[in-house]
Amino acid sequence: MLLEVNHISRRDRRTQEQLLEGISLAVTGGERVALRGRSGSGKSLLLRAIALLDPLDQGTVTWRGENVSGTAVPEFRSRVVYLPQQALVAEDTVEEALQRPFLYRSNRTKTFDAAQTLERLKQLGRSHSFLEKQTSDLSGGEKQITALLRALAIGPTVLLLDEATSALDIETTLAAEGLIDSWQRGKIDERACVWVSHDTAQSERVAQRTLHIEAGRLQGETS
Amino acid sequence: MSYYPLSYFDVALAAALILINAIVSIALRLRMERSLFLASVRTTVQLLLVGFVLQWVFAVDQWYVVVAMLLVMTLVAGYTAAARNERRFAGMWISTLLSMGISSWIITAYALLVVLRGIDQWYQPQYAIPLMGMVLGNTLNGISVGLGTLTSELALRRGEIDGALTLGATRYEAALPILRQAIRLGMTPIINSMMVVGLVSLPGMMTGQLLSGTSPIEAVKYQIMIMFLVASATALGTVGVVALSYLHLFSGDHQFLFYALQKKKA
Numbered sequence: 001m002l003l004e005v006n007h008i009s010r011r012d013r014r015t016q017e018q019l020l021e022g023i024s025l026a027v028t029g030g031e032r033v034a035l036r037g038r039s040g041s042g043k044s045l046l047l048r049a050i051a052l053l054d055p056l057d058q059g060t061v062t063w064r065g066e067n068v069s070g071t072a073v074p075e076f077r078s079r080v081v082y083l084p085q086q087a088l089v090a091e092d093t094v095e096e097a098l099q100r101p102f103l104y105r106s107n108r109t110k111t112f113d114a115a116q117t118l119e120r121l122k123q124l125g126r127s128h129s130f131l132e133k134q135t136s137d138l139s140g141g142e143k144q145i146t147a148l149l150r151a152l153a154i155g156p157t158v159l160l161l162d163e164a165t166s167a168l169d170i171e172t173t174l175a176a177e178g179l180i181d182s183w184q185r186g187k188i189d190e191r192a193c194v195w196v197s198h199d200t201a202q203s204e205r206v207a208q209r210t211l212h213i214e215a216g217r218l219q220g221e222t223s
Numbered sequence: 001m002s003y004y005p006l007s008y009f010d011v012a013l014a015a016a017l018i019l020i021n022a023i024v025s026i027a028l029r030l031r032m033e034r035s036l037f038l039a040s041v042r043t044t045v046q047l048l049l050v051g052f053v054l055q056w057v058f059a060v061d062q063w064y065v066v067v068a069m070l071l072v073m074t075l076v077a078g079y080t081a082a083a084r085n086e087r088r089f090a091g092m093w094i095s096t097l098l099s100m101g102i103s104s105w106i107i108t109a110y111a112l113l114v115v116l117r118g119i120d121q122w123y124q125p126q127y128a129i130p131l132m133g134m135v136l137g138n139t140l141n142g143i144s145v146g147l148g149t150l151t152s153e154l155a156l157r158r159g160e161i162d163g164a165l166t167l168g169a170t171r172y173e174a175a176l177p178i179l180r181q182a183i184r185l186g187m188t189p190i191i192n193s194m195m196v197v198g199l200v201s202l203p204g205m206m207t208g209q210l211l212s213g214t215s216p217i218e219a220v221k222y223q224i225m226i227m228f229l230v231a232s233a234t235a236l237g238t239v240g241v242v243a244l245s246y247l248h249l250f251s252g253d254h255q256f257l258f259y260a261l262q263k264k265k266a
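So the protein lines, in turn, are chains A and B.
For the first sequence, position 212 matches number 212 in our numbering, and the numbering has no gaps at all.
For the second sequence, position 242 matches number 242 in our numbering, and the numbering has no gaps at all.
Simulated from the structure, these hints should not be mistaken for laboratory data.
It is possible that some hints are incorrect.
Unchecked claim - If we take Cβ atoms under 10 Å as the criterion, some of the chain B residues that face chain A in the derived model are: (1) G252; (2) D253; (3) H254; (4) Q255; (5) L257.
Claimed, not checked - Pair by pair, the computed Cβ-Cβ distance ranges are: (6) A:R11 <-> B:M205: 51 to 61 Å; (7) A:H128 <-> B:R158: 26 to 36 Å; (8) B:T188 <-> A:L118: 37 to 47 Å.
As the list claims (entries may be wrong) - Which bits of chain A does chain B cover? Going by a derived footprint, with three or more residues having C-beta under 8 Å, they are: (9) 52-59; (10) 85-98; (11) 149-159.
Note that beta-carbon positions come from the ideal geometry of N, C-alpha and C, so glycine has one too.
The following block holds chain A by itself, in its conformation from the complex:
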């Protein structure tokens, strides 16, 4: 088993509102899971919880059978990458943004594959000059492209996609799905992704099974 989430719960520290309640799920290599639910049902919070981005009140996340906590967390996050809807790119140019993660200790052994990134850029219909763009000039969709390329560049094992293509036109969206598909096929036994998308058609295109969440609880599964 690649990734397991065991009975996680989380309350809002200020309002005491239950945000996630007793959620368990497992993701194996090669899987594509969709996570669906209404606005405010806890989809994003669940993806953030899987990436251990917020403190949990209860429950654990295990990676290849081992509990993840403390100093193991950054390394875990470099393998299980959470992609938010509003990707924030703080560096000056797109190229700097793409290279930044390689400065982190957990990615130290990896190297930035410029050729592969250019190839992916081309698939998304952008040219080399995109790399020199100032990040302050990027549109919402271009920021999502940058964030996706940046996540793929560090060679993750699991992608947690939180409306990560919501600002892209349909052609670019399909191209992005294609990129994620070919990334996964690169090591099909190992790699997995979890999609949150409001777009029913997209969920049906990309996922083999769908988890439904409501008010912070998993409500069942369809395939």
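Fit chain B to the given chain A structure using the hints.
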């Protein structure tokens, strides 16, 4: 050189100058008469009270009285530095007090025990109290600016920090640009004043020594010492408060505890 002691009548002559402010306020209808009156009374009463307390501390001349006085000064400075901040988090008061206390006590101890090793007693109030006062006053600014910058930048740049964490950054790697900025801004005012001291204005302590008849070179030597004490205490205090706050705002699981950072209630 002789020293001319002021009588209360002399002081009253100076206080009469407040009439200028009063005339301006009335003539231009600034409606500042009340605050002017209050400010004048507070200036006089607060300084006289401090004068009596200091007079007593100097007369008693016991180490525990001096230390108690320094403790009270430290607590007030620590409280002021934290109270000004726009945001709150669990651990803010202790972080501020600790960094204020440790930095100013270490530096003042160095001044009293090492630099001024020739004085009769280490706790001599004539040295200990004004030195501590100046160190605290300046460290307060550094801590206040450092804490303010850290908390407002963290709140503002939450997405950037989360972005770094999601790609495998440790909490330190994610926070480092903001930690640096907070420390740099905290130390900037004292460095600026070291740049222009003597050129733009004469520092208050040096002015005081000159008025009391100390020779200019002696006064300047003291002022130089003070500048270095203050600069080092500010550096220690700023780094301290930024580091301790960082440890309260990021968890051991490398999470940014944004929810812990609350806006001050108005």
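Hint check results:
Interface restraint check: B:G252 against chain A, minimum CB-CB distance 6 Å, threshold 10 Å, status holds. Against a cut-off of 10 Å between C-beta atoms, the interface hint on B:D253 holds, since the closest Cβ of chain A lies about 5 Å away. Look at B:H254: its Cβ gets to within about 5 Å of chain A, closer than 10 Å, so that hint holds up. Of the supplied interface hints, the one on B:Q255 holds, with its beta-carbon coming within about 6 Å of a beta-carbon of chain A, less than 10 Å.
Taking 10 Å as the C-beta contact cut-off toward chain A, the hint placing B:L257 at the interface holds, the least distance being around 7 Å. About 54 Å separates the C-beta atoms of A:R11 and B:M205, a value consistent with the hinted range of 51 to 61 Å. At about 32 Å, the beta-carbon gap between A:H128 and B:R158 stays in the expected band of 26 to 36 Å. Range check, B:T188 to A:L118: about 42 Å between beta-carbon atoms, so the 37 to 47 Å window is met.
With a cut-off of 8 Å between beta carbons, the region 52-59 of chain A has 4 residues touching chain B; three or more are needed, and the interface restraint holds. Figure legend: the region 85-98 of chain A, annotated as covered by chain B; annotation consistent (5 residues with Cβ-Cβ distances under 8 Å, at least 3 required). A stretch counts as covered by a chain when three or more of its residues have a beta carbon under 8 Å from one of that chain; for the region 149-159 of chain A and chain B the count is 3, and the coverage holds.
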